[in-house]
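Here's the letter readout for the chains.
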Amino acid sequence: MIDIWFVIIAFLWTGYFVLEGFDFGVGMLSPFLGGNEGQRKQILQTIGPVWDGNEVWLITAVGAMFAAFPAWYAGFLSSFYLPLTLVLAGLIVRGVALEWRGKLEHASDRAWADVGILVGSALPAFLWGAVFADVLLDSGVAALVGGAFSLAVTLLHGAVFLALRTEGQVRRRARAAAMGAVFAVIPLAIVALPAIPGEGDLSVWVAAGGAMALLAAGGSLIWRRREGWAFAATAGAIVLTSAALFGMLAARPLPGLTLAEAASGPYTLNVLTWIGLAILPFVLGYQGWTYWVFRKRISAPGGAAQVEGAQAGIGH
Amino acid sequence: MDALDLARWQFGVTTVYHFLFVPLTIGLGVFVAGLQTAWHRTGKEHYLRLTKFFGKLFLINFAMGVVTGIVQEFQFGMNWSEYSVFVGDVFGAPLALEALLAFFMESTFLGLWIFGWDKLPKRVHLATIWAAVIGSNISAYFILAANAWMKHPVGYEVVDGKARMTDLWAVLTNSTALAQVPHVIAASFIVAGGFVLAVSGYRLLKGDITFRSPLRGALVMTAIAGAVVAGTGDMSAKLMYEQQPMKLAAAEGLTHDTKGAPFHVLPGVEIPKLLSFLSANDFEATVQGTEDVQRRLEQRFGPGDYRPDQQVVFWSYRVMLSFGLSTVGLSVLGLWLTRRRRQVPPWYARALLLALPLPLLAIIAGWLLSEIGRQPWTVAGELLTASSVSPGVSLAEVATSLTLFTLVYGVLAVAEAVLLVRSVKKGPEQLPAPAPERVREPSLMY
Chain H
1 MIDIWFVIIA FLWTGYFVLE GFDFGVGMLS PFLGGNEGQR KQILQTIGPV
51 WDGNEVWLIT AVGAMFAAFP AWYAGFLSSF YLPLTLVLAG LIVRGVALEW
101 RGKLEHASDR AWADVGILVG SALPAFLWGA VFADVLLDSG VAALVGGAFS
151 LAVTLLHGAV FLALRTEGQV RRRARAAAMG AVFAVIPLAI VALPAIPGEG
201 DLSVWVAAGG AMALLAAGGS LIWRRREGWA FAATAGAIVL TSAALFGMLA
251 ARPLPGLTLA EAASGPYTLN VLTWIGLAIL PFVLGYQGWT YWVFRKRISA
301 PGGAAQVEGA QAGIGH
Chain V
1 MDALDLARWQ FGVTTVYHFL FVPLTIGLGV FVAGLQTAWH RTGKEHYLRL
51 TKFFGKLFLI NFAMGVVTGI VQEFQFGMNW SEYSVFVGDV FGAPLALEAL
101 LAFFMESTFL GLWIFGWDKL PKRVHLATIW AAVIGSNISA YFILAANAWM
151 KHPVGYEVVD GKARMTDLWA VLTNSTALAQ VPHVIAASFI VAGGFVLAVS
201 GYRLLKGDIT FRSPLRGALV MTAIAGAVVA GTGDMSAKLM YEQQPMKLAA
251 AEGLTHDTKG APFHVLPGVE IPKLLSFLSA NDFEATVQGT EDVQRRLEQR
301 FGPGDYRPDQ QVVFWSYRVM LSFGLSTVGL SVLGLWLTRR RRQVPPWYAR
351 ALLLALPLPL LAIIAGWLLS EIGRQPWTVA GELLTASSVS PGVSLAEVAT
401 SLTLFTLVYG VLAVAEAVLL VRSVKKGPEQ LPAPAPERVR EPSLMY
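In order, the protein sequence lines correspond to chains H and V. Per our numbering, the first sequence runs over residues 1 to 316. Per our numbering, the second sequence runs over residues 1 to 446.
This is chain V alone, in the form it adopts within the complex (with noise of 0.2 angstroms):
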């Protein structure tokens, strides 16, 4: 264990944490602002008191995403100076421009949102809540397009030892970044939608039928994302075909350059040519093997070990997989139960309860196959992770900070969710009586 491992754990603990909450936020702000829209045009009561409800949800959850972001931006330069030096040039803009572009919006947006209920005009107040999570999903866009130059870096030079960029807009329409954008937001609002999908089975359980709707609307937006997510996942393989083979052997567990290869669906269990014809549209395509892979990147790179670890690669492209499309199933089933205002049957109901962790697994699992299956590079063909690493920061300084880390996140975890099950027991609040208009509430306050 020196200094890189720990810095890497780091990273790899910090950054799944992180996202654990930011597909929350991406998804649920929409679908907050979709219920409030819903009650500004309808004007009924029941889309107002939903609003409330999964606002505060989405609130506690916010919290978390903004807090274990601000670190994402402070350890490239604490833990990874050497990879910031070489890439800031190019990825620092994507990271600037996240920041005076989304971010501001976002956090002004939804401070005006929480505590504007009785300041501001209903239709300004609705505005606020649509800027704060138009927001949040620029700021995917950008942090997309700099993880995506790290997978496919375009649109720069190397001068003197560093990465010069000599196209923004060829960073920013990176196709990696133009085929991933959609496919973690979609991914997002699979989450979100599952999210939502567990609380309203459990509310229905409880006899709540106020959550009916919801419980519709979730399924028609994780359908649809669903559907978004398959799309754009075909077309990043096709990508990954021919701009990362090695990731794509190692996800296949393909040794050997093939003709016609075949689709594992699980170690011995192959579906014949399936593989090519997914990566390049034609069953005889050839699919590079991660053996002859590493002896071309030795040809190119000089001697090294040029292969990700391919366990993980691999099954977690599996687990991807499976999660995320059992979930996309389960809400295609539901949509055809509830079809024509029929019941929701209680096993559903309950059944429902899986669609919180499943999405979650399958996003995890889809960064641990994106990321790891970058290594050992950091950016592709130009600086491997163990060149990239703080050469003054210790062990002991990334063993401390690791520790703290973990230990607060542990914390906060717990606590998020307390407060989390904590609310959805006690259900939406009953709105003041006399003025439903002007309503204060003080849940949302301070």
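Bound conformation, chain H alone (with noise of 0.2 angstroms):
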């Protein structure tokens, strides 16, 4: 039981780094790869219907910490108390903005928007890597090359997401602020890569190769212009590498903690474990249900063909 639990917990954990990476990146690179209002309104508009849902499988897996380990909820989010703050006043901000910035009507209003949503999502992108770091070594450089990792691993994840879902101007933008953000991500992850212990388990060496594979594998795809698949590879090494980092943090969650130590008892974890596993794959469901209705590219507002040509008429 106790190890399924680490597993759920791992999986939810996993489930937001994937999704609310995406949604984070995106925010980071709205006001440099918007021009103008208009494409301004269309990059946010493709995390518009998402984000809460995504920002839920934060909410989830503190909370499955907090029923299935106690102890580990406890001591992880006490230990890390500054920081945190910090990702809730960037979280906090972010939603806000968010969620208002459509319903301003001044200019300068809307320049306050996009300010939470650039910090509100950079806070929070840098912090969850520096924080899961330090967990690991226990250091001020770790946590730094790990943040500096979460951030640029998100800017990727965000840009090619955004590659994905739009099209026009900001589809060319988005590729080559992707193809950028590789050559950032590339030298973090070989840096970031002795972070893994030399007595670590096989599988998380076989994890965390994977993940650079994929990284690379991602730039080269978005190169080549698939986007659908570029998205399948940043998203597939953003999973490993939580795999890798959940792989080596189930002996050790917390320094001088075991899971054993921390974990509730049998009636819980077990009365959960059913009723987790009846409504989660409802959930899964209509989550994947939303992606399915919002599936088709988003245009700039008075269509892709009029803004082009409108650019075309005026620029070159």
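Among the hints, erroneous ones may be present.
In silico lysine-lysine, DSS-like type, Cα no more than 27 angstroms apart, as pairs [unchecked claim]:
(1) V:Lys-119 / H:Lys-296
(2) V:Lys-119 / V:Lys-44
(3) V:Lys-122 / V:Lys-44
(4) V:Lys-44 / V:Lys-206
(5) V:Lys-122 / H:Lys-296
(6) V:Lys-425 / V:Lys-44
None of these hints come from the bench; they were simulated from the model.
Fit the two chains together into the complex; they arrive one by one in their own frames, and the hints show the way.
Now the structure itself:
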């Protein structure tokens, strides 16, 4: 039961990293890739219907930690007090900025919302990497590298997602941004690789190596305009990175704590397993359905063809 | 001032703030879903305009409820790690279930509703808002079940210094929760009803007669919710008499065990024997007093002060009762004034502006009564607040987070108020002329 719950929690965190990973990337890129208000709206509309649902993966992951491993939950959150305070502040500012932006009428108010989305996406994107690197290695340098790595990966993942979900100029710019991000991601990944302890499990090494390969593949696929496959590659890279992370945490989720010590009693774990397994398919089903409903590429307001025509007329 | 005091202040500030937005989400969501249903069934265009108008206000407010809610889930672990370790086995379960059963549903279907106006069939689109608001109401149930457990712990045993759940069903059907859930949800409908009344009163004063139907709807909603709040409040009082005698005594300012205890309307103004009747359906019942409960608790748990802050508890009870009742009274008056299609008198429309702050203050006072009245315990009879705080978190750290949250929350409160006022002043937007069946609504999109 303890192992099952560790896997469920790893699964929830992984889902969160993959899904909100591209939300963070899109949020950070929107002020830079959107040349005008129409394009910014186009960019934010790619995540508009889904970002809140994606964030619930975090809430569920943390709630599951609380229920299944109270000592892990309490130790983790209280020992990273200030970074997590900043994560929360970021998520707060970003959430209201995303939700309110479309209801603001003055350009100056929308500029504030854009700052909120940018900062509120960048802070958690950096800090989650930093916090987990610090759990593993307990060093400031590791935290910096881990943070930079997760920030760069979310940028890449978000840019690929944007290229997949938009058309017109934004799509081209997103491709360029993705290729740029690859050049930051790969060196950081190489630096981060030694984080895996020497006595680490072989499967952890395989997962980490696979993640590296997929990141490189993502770069090459986006270059060849295979955006769907590129997104699968970056999503896969995040899954494998997260798998490697939780593979390392399994023995020791926090310094001086084992899962067995942290776990709730068998009754709680049992009853939650049955409820969780009964409900989770429905959740995955309707979340998947949302992505299906909003599967069409999003064009800038006025239609892609018009915008392209207008740009061609003015610019070149 | 030590880390414990600041952690308590932070919990109080962030929780009260969170609960300014949540009741509006719970009640207004149902109201918007009702308006859209009315449009769906009658095809009348003004219902669609009102759905979008109140929908926009709902979404402005919804965002605040969501983002401030994340803080709540994190701060148990961040500031109250000893509490979390002690209760996680029991208390974590409803929180995890809340996320899995309610938050996913609420957030996903709300996303579909906001962006699905021209992508989903009309019936399916209507179903999405209902799914979202049902999600909100389910979440209220789970978090209140968790909260009720702190005041009246059931379905557990203590093993090795930690609470272990023995019966999830007992936790979810805790008598305290079963009284508290409908009480808080109905109170949320009063808050939302009051919000709609204030907005409608303002629009009617401006001559916008579209707002007659939401006004009537909100009057009915508030009056019915008022009856539910009163009934469940009575249930809660009787449970409090059995389960939380100290809180009842503090709320009444009763110092010693009293047979046939009077009810204090205000200090010095009392109705003989009413408290005994309200507590036990018996005018001669004995109600325990703070000093006597204190003596008994000292015998049981050793020396210590087991009394909550009696001034706060006493007065918050009276604010809750009087402000809540006046809102309900205002709505009953309105039902009578507008009977049989009568016009809304302008003085009444102006008075309706009070329907916004009054129930909000009442519901906050209700929480102060409930949670300050629980002190000095986090889990009644099991864990003291002083033993619940995170030992490794310093005064400076809590001061930093408290300052940061207060600043961010302050700025956002102003921004939300400005946004709401602007939207209300602007009023419902005209629908684009040709195809009212498939309208694109830019204001609801990003």
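Structure-based check of each hint:
1. At roughly 10 angstroms between alpha-carbon atoms, Lys-119 (chain V) and Lys-296 (chain H) fall within 27 angstroms of each other, so this suggested pair holds.
2. Restraint check for Lys-119 (chain V) and Lys-44 (chain V): the C-alpha separation of about 21 angstroms stays at or below 27 angstroms, so the hint holds.
3. Between Lys-122 (chain V) and Lys-44 (chain V), the direct Cα distance comes to roughly 14 angstroms. Compliance with the 27 angstroms bound is thereby established for this hinted pair.
4. Our distance criterion of 27 angstroms between C-alpha atoms is met by Lys-44 (chain V) and Lys-206 (chain V), whose separation comes to about 22 angstroms.
5. A hinted pair counts as satisfied when its Cα atoms are at most 27 angstroms apart, and Lys-122 (chain V) with Lys-296 (chain H) qualifies at roughly 19 angstroms.
6. A threshold of 27 angstroms between alpha carbons decides the hint, and for Lys-425 (chain V) with Lys-44 (chain V) the separation of about 23 angstroms falls inside it, so the pair holds.
In this structure, none of the earlier numbered hints is contradicted; all agree with it.
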